[in-house]
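A.B. asks: Just so you know, the sequences run in chain order A and B. Here numbering that gives the first Met the number 0 is used: position 84 in the first sequence is 83, and no number is missing along the way. Here numbering that gives the first Met the number 0 is used: position 228 in the second sequence is 227, and no number is missing along the way.
Calculated directly from the structure, the hints in this document are not laboratory data. One thing to keep in mind: the hints can contain errors.
[Unchecked claim] Taking lysine to aspartate or glutamate and the DMTMM-like style, the derived pairs with C-alpha atoms no more than 25 Å apart in a straight line are: (1) A:Lys254 - B:Asp169; (2) A:Lys9 - B:Asp129; (3) B:Lys39 - A:Glu245; (4) B:Lys39 - A:Glu256; (5) B:Lys30 - A:Asp249; (6) B:Lys67 - A:Glu245; (7) B:Lys39 - A:Glu265; (8) B:Lys8 - A:Asp95; (9) B:Lys67 - A:Glu193; (10) B:Lys39 - A:Glu142; (11) B:Lys69 - A:Asp249; (12) A:Lys9 - B:Glu6; (13) A:Lys254 - B:Asp76; (14) B:Lys69 - A:Glu134; (15) B:Lys26 - A:Asp249; (16) B:Lys69 - A:Glu248; (17) B:Lys8 - A:Glu183; (18) B:Lys67 - A:Glu255; (19) B:Lys30 - A:Glu64; (20) B:Lys69 - A:Glu255; (21) B:Lys98 - A:Glu256; (22) B:Lys73 - A:Glu248; (23) A:Lys49 - B:Asp76; (24) B:Lys8 - A:Glu64; (25) B:Lys8 - A:Glu60; (26) A:Lys157 - B:Glu23; (27) A:Lys19 - A:Glu255; (28) B:Lys98 - A:Glu142; (29) B:Lys73 - A:Glu256; (30) B:Lys17 - A:Glu134; (31) A:Lys9 - B:Glu19; (32) B:Lys98 - A:Glu155; (33) A:Lys9 - B:Glu59; (34) A:Lys254 - B:Glu23; (35) B:Lys30 - A:Glu255; (36) B:Lys73 - A:Glu245; (37) A:Lys9 - B:Asp76; (38) A:Lys49 - B:Glu59; (39) B:Lys8 - A:Glu209.
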Amino acid sequence: MSKKSFSRVKRIQNPQRILKVVAYTAIAKPLNGSLPRSNNSHFLRLYPIKYSYKNGKDEKEATSESYFLKGIRGAIRHQVMKICYDAGVEVCHTSDKATDKMGNSLLPEGFHLTGSCKGNGECIVHQVFGSMGTEGLISVYAEPITSISHKSAKTEVKVQKVHIATENRVCMTFDNKSVQNFGERYFSGEFTFEIDVTCCTSEQIGLLIESVINMQRLGRGYNAGYGKIQIKQFQLLERTTKRIPEWQEDSFIVKEEFSESSLKNEVLEAMEAWNAYINT
Amino acid sequence: MPTLILEGKILTPIVTRKTEFYIEGCKAIIKNLRRRYYNKINASKPMYPFSFQCYLGSIELHFRCSNKAKINQKLRDLLQINAIGRFHGEGMGLVQWVKGNIHSNHNSTHTKHKRKLRIRKGLPHNLTEDIKKLLRYALLHDFVNTLKHKSKIYVEPNLEDIAYLRKHHDKTEDRFIQLFQKYDHLAAIITRKIRSPRTNRYNWSSNSTINFEKLAKEIKEVASNIWKLYDYIYQSKELEQLNESLQHGHTSLRNHVLVIANLIVQDFQRNKL
Chain A
0 MSKKSFSRVK RIQNPQRILK VVAYTAIAKP LNGSLPRSNN SHFLRLYPIK
50 YSYKNGKDEK EATSESYFLK GIRGAIRHQV MKICYDAGVE VCHTSDKATD
100 KMGNSLLPEG FHLTGSCKGN GECIVHQVFG SMGTEGLISV YAEPITSISH
150 KSAKTEVKVQ KVHIATENRV CMTFDNKSVQ NFGERYFSGE FTFEIDVTCC
200 TSEQIGLLIE SVINMQRLGR GYNAGYGKIQ IKQFQLLERT TKRIPEWQED
250 SFIVKEEFSE SSLKNEVLEA MEAWNAYINT
Chain B
0 MPTLILEGKI LTPIVTRKTE FYIEGCKAII KNLRRRYYNK INASKPMYPF
50 SFQCYLGSIE LHFRCSNKAK INQKLRDLLQ INAIGRFHGE GMGLVQWVKG
100 NIHSNHNSTH TKHKRKLRIR KGLPHNLTED IKKLLRYALL HDFVNTLKHK
150 SKIYVEPNLE DIAYLRKHHD KTEDRFIQLF QKYDHLAAII TRKIRSPRTN
200 RYNWSSNSTI NFEKLAKEIK EVASNIWKLY DYIYQSKELE QLNESLQHGH
250 TSLRNHVLVI ANLIVQDFQR NKL
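Assemble the whole structure, with the sequences as input and the hints as a guide.
C.D. replies: Structure follows, in structure tokens:
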């Protein structure tokens with residue numbers, strides 16, 4: 000069996016097929032972990048973003064931190080696994096561990112170890128998401144989130160405006176003062192994410208659409224009521240991207256052009272193909 | 000030779016260990032970098048293998064070719080790149096290409112050959128008394144207890160100048176100790192690469208247990224002669240299995256000590272001491 004090596008770059012394939020999803024969450028914590036010498040858990044911090052806003056007649060400038068929206072691909076994978084389990088299709092589990100130290104089984108019924116189906120009879124989850132040493136077919140991306148309170152704010156970079164704050168989780172107090180505070184950052188609001196499904200077949204797109212529609216969780220703390228998601232809108236798009244260098248003697252500037260069109264019929268075809276895949 | 004330079008802005012962090020690497024036949028350099036850690040689980044500290052180093056900033060791709068038609072073809076190919084590095088399926092490593100140029104005769108400072116530090120098989124003979132003293136201090140410093148740490152071989156060898164060796168972490172005005180500390184820090188920077196905590200001195204590559212009392216005795220026997228001491232450390236398989244730092248489980252005490260000695264010898268031979 001030949002090993003497929005990971006490519007360290009991803010190229011645009013024109014035309015791209017993209018599943019664009021609009022979702023809403025009241026409170027979600029897709030966090031990256033704690034910073035050194037800090038008990039608080041944070042998002043993955045990106046650049047500070049400059050924006051201008053109107054204050055009366057004056058126009059002022061300010062900056063706001065932007066954050067990476069993490070864990071969407073994992074959330075989709077868990078929903079895909081659940082849908083496959085309900086449909087009676089045996090797929091890869093998230094782990095490649097069969098038992099723990101005591102010999103207790105860690106593998107639930109209806110699943111096999113991740114990557115064990117490689118080669119013969121590859122399951123649909125392994126085809127879409129891959130495993131160690133095998134690259135997946137999809138890639139997920141969301142614009143960075145930021146908290147800007149000014150309504151008239153204008154940014155040069157594409158961002159998603161949401162509410163971001165810190166929740167206090169005090170574990171220990173002394174003299175009515177918190178000694179240990181394992182605070183967590185959270186965000187709340189409407190956000191958009193995109194799934195690149197250019198390389199997927201219609202069955203795989205159908206599975207992804209069904210899992211995205213039924214997606215419920217994002218981030219940590221779902222047993223305590225955090226991270227519930229409502230899907231408001233989804234769309235399958237065909238996007239062509241052109242990057243052209245505009246030459247001025249020996250130097251050039253890169254210009255990007257997009258054109259998009261929606262694929263309504265392909266959504267229905269994909270759903271039918273997924274239903275046919277379950278029934279066979 | 001003409002060089003194509005393509006500049007871009009990193010939108011989401013590129014997961015890579017180095018800021019200079021080769022990709023698609025080009026040399027990639029990350030500039031104005033800001034380091035981030037991408038954690039895969041809820042780790043308490045950003046440490047390998049639960050977290051990955053990644054960088055924000057701007058990226059430059061350098062492609063050298065004498066044929067201009069090939070350069071244009073490569074530019075068209077490079078502009079199709081959307082993401083670089085690991086986890087691009089999760090939205091990491093996205094790049095926005097901004098501008099570029101073609102240099103007719105580009106000599107990058109990064110392409111200059113850097114001479115690597117070589118670990119000597121033995122010490123040279125023409126050493127002055129001061130250098131001998133500094134080398135002896137460097138070769139023995141980690142085998143004694145200090146306020147910061149205990150002996151890294153658990154047992155202290157009975158040496159004559161043990162009290163002076165114990166001061167190697169102190170903040171003093173002693174120029175000899177200050178000079179040693181400079182080389183100690185430099186060697187630590189070179190040898191400590193992957194952060195992974197350990198509870199004992201054995202590193203991840205060790206397979207057997209060590210008799211530390213015997214090791215301390217043998218070190219004491221050769222401590223009077225620096226050539227013998229260097230040779231003993233060079234050939235020691237026990238010291239190779241021990242960690243220099245408990246926070247960095249992939250280091251070795253042997254390498255750390257030898258790197259300090261070689262840095263000192265190198266500077267002595269270049270008249271930089």
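A.B. asks: Each of the hints needs a verdict: does it hold here or not?
C.D. replies: Hint-by-hint comparison with the structure:
1. A:Lys254 - B:Asp169: Roughly 58 Å between the alpha carbons, so the hint for Lys254 (chain A) and Asp169 (chain B) is violated.
2. A:Lys9 - B:Asp129: The given pair, whose Cα atoms are some 57 Å apart, is violated under the 25 Å limit.
3. B:Lys39 - A:Glu245: Violated: Lys39 (chain B) and Glu245 (chain A) sit about 40 Å apart, past 25 Å.
4. B:Lys39 - A:Glu256: violated (35 Å)
5. B:Lys30 - A:Asp249: Between Lys30 (chain B) and Asp249 (chain A) the Cα gap is close to 22 Å, so the pair holds against 25 Å.
6. B:Lys67 - A:Glu245: With Cα atoms ~17 Å apart, Lys67 (chain B) and Glu245 (chain A) stay inside 25 Å; holds.
7. B:Lys39 - A:Glu265: With Cα atoms ~35 Å apart, Lys39 (chain B) and Glu265 (chain A) exceed 25 Å; violated.
8. B:Lys8 - A:Asp95: Violated, because 37 Å separates the two Cα atoms, which is more than 25 Å.
9. B:Lys67 - A:Glu193: violated (38 Å)
10. B:Lys39 - A:Glu142: Judged against 25 Å, a Cα distance of about 20 Å means the pair holds.
11. B:Lys69 - A:Asp249: holds (16 Å)
12. A:Lys9 - B:Glu6: It holds: about 17 Å lies between the C-alpha atoms, which stays within 25 Å.
13. A:Lys254 - B:Asp76: At roughly 15 Å apart (the allowed maximum being 25 Å), Asp76 (chain B) and Lys254 (chain A) satisfy the hint.
14. B:Lys69 - A:Glu134: violated (30 Å)
15. B:Lys26 - A:Asp249: This hinted pair holds, its Cα atoms lying about 20 Å apart.
16. B:Lys69 - A:Glu248: holds (18 Å)
17. B:Lys8 - A:Glu183: It is violated: about 30 Å lies between the C-alpha atoms, which goes past 25 Å.
18. B:Lys67 - A:Glu255: holds (23 Å)
19. B:Lys30 - A:Glu64: Roughly 21 Å between the alpha carbons, so the hint for Lys30 (chain B) and Glu64 (chain A) holds.
20. B:Lys69 - A:Glu255: holds (22 Å)
21. B:Lys98 - A:Glu256: holds (15 Å)
22. B:Lys73 - A:Glu248: Satisfied, since the Cα-Cα distance of roughly 18 Å is no more than 25 Å.
23. A:Lys49 - B:Asp76: violated (32 Å)
24. B:Lys8 - A:Glu64: Holds, at roughly 17 Å.
25. B:Lys8 - A:Glu60: holds (22 Å)
26. A:Lys157 - B:Glu23: Distance ~29 Å between Lys157 (chain A) and Glu23 (chain B) Cα, so the pair is violated.
27. A:Lys19 - A:Glu255: Given pair Lys19 (chain A), Glu255 (chain A) holds - Cα atoms ~20 Å apart, limit 25 Å.
28. B:Lys98 - A:Glu142: Roughly 22 Å between the alpha carbons, so the hint for Lys98 (chain B) and Glu142 (chain A) holds.
29. B:Lys73 - A:Glu256: The given pair, whose Cα atoms are some 20 Å apart, holds under the 25 Å limit.
30. B:Lys17 - A:Glu134: Cα-Cα ~22 Å, so holds.
31. A:Lys9 - B:Glu19: Given pair Lys9 (chain A), Glu19 (chain B) holds - Cα atoms ~19 Å apart, limit 25 Å.
32. B:Lys98 - A:Glu155: holds (18 Å)
33. A:Lys9 - B:Glu59: With Cα atoms ~17 Å apart, Lys9 (chain A) and Glu59 (chain B) stay inside 25 Å; holds.
34. A:Lys254 - B:Glu23: holds (22 Å)
35. B:Lys30 - A:Glu255: holds (23 Å)
36. B:Lys73 - A:Glu245: holds (16 Å)
37. A:Lys9 - B:Asp76: Roughly 12 Å between the alpha carbons, so the hint for Lys9 (chain A) and Asp76 (chain B) holds.
38. A:Lys49 - B:Glu59: holds (24 Å)
39. B:Lys8 - A:Glu209: violated (35 Å)
Taken one by one, the earlier hints fail for this structure at numbers 1, 2, 3, 4, 7, 8, 9, 14, 17, 23, 26, 39, listed in ascending order.
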